[in-house]
Amino acid sequence: MVRENKAWTIFKYATLAVGLFVVFFPVYSVVIGAFKTQIEYYQSGMRLPHNWLDFDNFKRVMQVGKLGLGFRNIGIILVVSVAGNILIGTMTAYALGRFDFKLKKPIMGMYLVAQVIPMITTQVATFSVVKFFGLYNHLAAPIVLYLGADVLQIIIYLQFINSIPKDLDESAMIEGASLFRIYRSVIFPLLAPATATLVIMKTINIYNDFYTAYLYMPAQKLRVVSTAIYSFIGPNAAQLNVISAGILIIFIPTIVIFLFLQRFIFAGVTNGAVK
Amino acid sequence: MSMFNFSYKTQRYLILFGFLTIPVLLSLTFSYYPAISLLYYSFTDWTGLGWEMHWVGFANYKEIFTRPEIFTVFRTNAYYFVGGLVQTAIALYFAVILTGKLRGRNAFRAMLFLPYVLHSVAIVIMFKNVYHSEYGSLNLFLQAIGLPSWQQEWLGNPHLVNFSLAFISLWKYFGLSMVIFIGALQSIPADLYEAAKIDGASGWKAFRYITLPSIRPVIELMMILTLTGALEAFDIPFIMMLGANGTATFVSKTVDMAFRFKQAGLASAMAVVLLLIVLLFIVIQRKLLFREGK
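These protein sequence lines are chains V and U, in that order.
Numbering-wise (the working numbering), the first sequence opens with residue 1 and increments by one.
Numbering-wise (the working numbering), the second sequence opens with residue 1 and increments by one.
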């Protein structure tokens with residue numbers, strides 16, 4: 001590589017330091033705020049909290065903000081919709097990747113065009129569809145909306161399927177395996193790396209989504225994490241310390257996922273952009 | 001497997017039919033049907049309640065372009081676009097230095113990417129605390145480093161609020177752009193740089209004549225994503241301000257029109273207009289790409 005001069009090296013580290021400061025400054029203020037009493041919050045400014053073991057704010061926000069309920073509901077939605085989504089995604093990719101048939105191109109085109117339609121704007125009309133099926137104010141509403149495979153998922157799976165040698169299918173056929181069995185015992189397991197990435201990306205996206213739950217499940221008992229914290233802040237605007245604790249709790253799941261499964265997330269993000 | 005004693009030809013039909021029916025139906029029901037009915041609603045005076053609606057021709061579209069408070073909200077979207085451009089530039093810079101030789105570069109990458117995985121509603125609320133004019137950590141910090149005159153009403157000042165909100169978007173997404181750029185940079189063959197070094201080109205020159213042309217498609221993609229992202233900006237102003245204080249974007253206005261003011265017909269027309277604008281930009285981008293002979 002090129003020999004680099006000292007000033008450039010210093011400049012690089014200095015800008016990185018500024019970048020990290022900007023990223024972590026808001027997070028830092030939330031962390032210290034979450035362990036302060038309300039009076040302490042308003043008086044101590046940016047100083048560290050007196051008592052790092054004071055979990056009152058966390059208890060408060062779990063109780064009053066009904067975060068537990070939010071986690072339970074989003075958990076159910078996640079498990080059902082992600083599992084269904086992976087099943088649908090792999091099945092679609094198997095059908096499109098291994099067989100030639102007349103409707104293949106139209107179906108691919110259908111997925112491509114659907115991607116261009118901005119989801120938020122068509123909600124006015126989607127709303128009436130959801131109501132028509134009687135799914136309004138039901139956990140099933142977000143589940144069916146998250147269920148469908150998107151074009152990106154199909155493309156990632158198709159790339160994988162094309163890299164699986166067709167010999168594998170053929171030797172399974174010689175042994176008398178049915179096509180369904182080939183999907184289940186050959187293709188599906190070999191898609192595992194792509195599936196891992198997609199599961200993680202879908203989980204993060206669904207966990208972060210606010211609008212779907214806000215629009216289709218206004219009932220209190222159907223709150224997910226997003227809508228629970230959203231309705232908590234209105235009437236409790238003065239309790240910045242309790243709100244901070246809530247933010248921290250909500251941050252934790254995806255931070256944990258990120259720490260342990262970074263590789264898959266980076267793979268998913270980079271894969272997405274190349275298309 | 002006795003239930004599959006059918007011939008492979010029959011099985012093939014069963015698989016194609018069984019595996020594709022549900023996905024196709026889902027897509028038709030929740031993407032295509034809404035999009036088409038949206039177009040229909042846009043020519044009616046539908047309130048969104050009940051099913052009564054009357055054909056009004058292009059009246060809704062006329063209203064969009066003549067009622068100043070509707071079309072001018074695109075001015076708010078412009079803040080998010082400018083924020084997105086700044087974000088792309090910063091992301092490219094960090095991507096370049098984190099692709100080169102640098103101690104701890106993987107840790108830096110992970111830390112700068114972190115905001116992208118954080119919960120989006122919680123992020124907005126976090127920034128609400130940061131921007132709080134009296135107790136917010138931003139103003140406290142400015143006080144602490146001896147710059148009290150820089151303190152601002154970050155959300156209260158109508159000239160500032162949209163910058164404050166667009167910054168949240170930049171904060172959340174610049175790590176994502178950075179990682180995408182890193183992926184693109186790593187796919188540039190190293191011998192290009194070797195060859196350039198022999199020719200005496202390095203540093204800025206190598207960046208200008210090798211790096212930039214090589215990742216041009218990715219930069220173009222980022223531009224189009226920035227543009228469509230800015231046009232569709234919604235959740236930050238909606239969660240933070242409910243669109244108050246001049247922070248309404250085109251989408252938040254559309255949502256209000258449909259669900260708050262019960263003018264679903266007009267809202268549908270707004271959605272169609274947005275859809276057409278987004279499509280227009282995508283077509284332009286494709287044209288640009290093809291012109292390059294890609």
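Among the hints, erroneous ones may be present.
Only part of the chain U face toward chain V is listed, based on derived beta-carbon distances under 8 Å [said to hold, decoys possible]:
hint : residue
1    : S7
2    : Y8
3    : A35
4    : P115
5    : L279
Bear in mind the hints are in silico, worked out from the structure with no lab data behind them.
C-beta atoms are modelled at their ideal positions from N, C-alpha and C, and glycine is treated no differently.
Hints, verified against the model:
no., hint, result
1, S7, "violated, 11 Å"
2, Y8, "holds, 7 Å"
3, A35, "holds, 5 Å"
4, P115, "holds, 6 Å"
5, L279, "holds, 6 Å"
Going down the numbered hints, you'll see the structure goes against just number 1.
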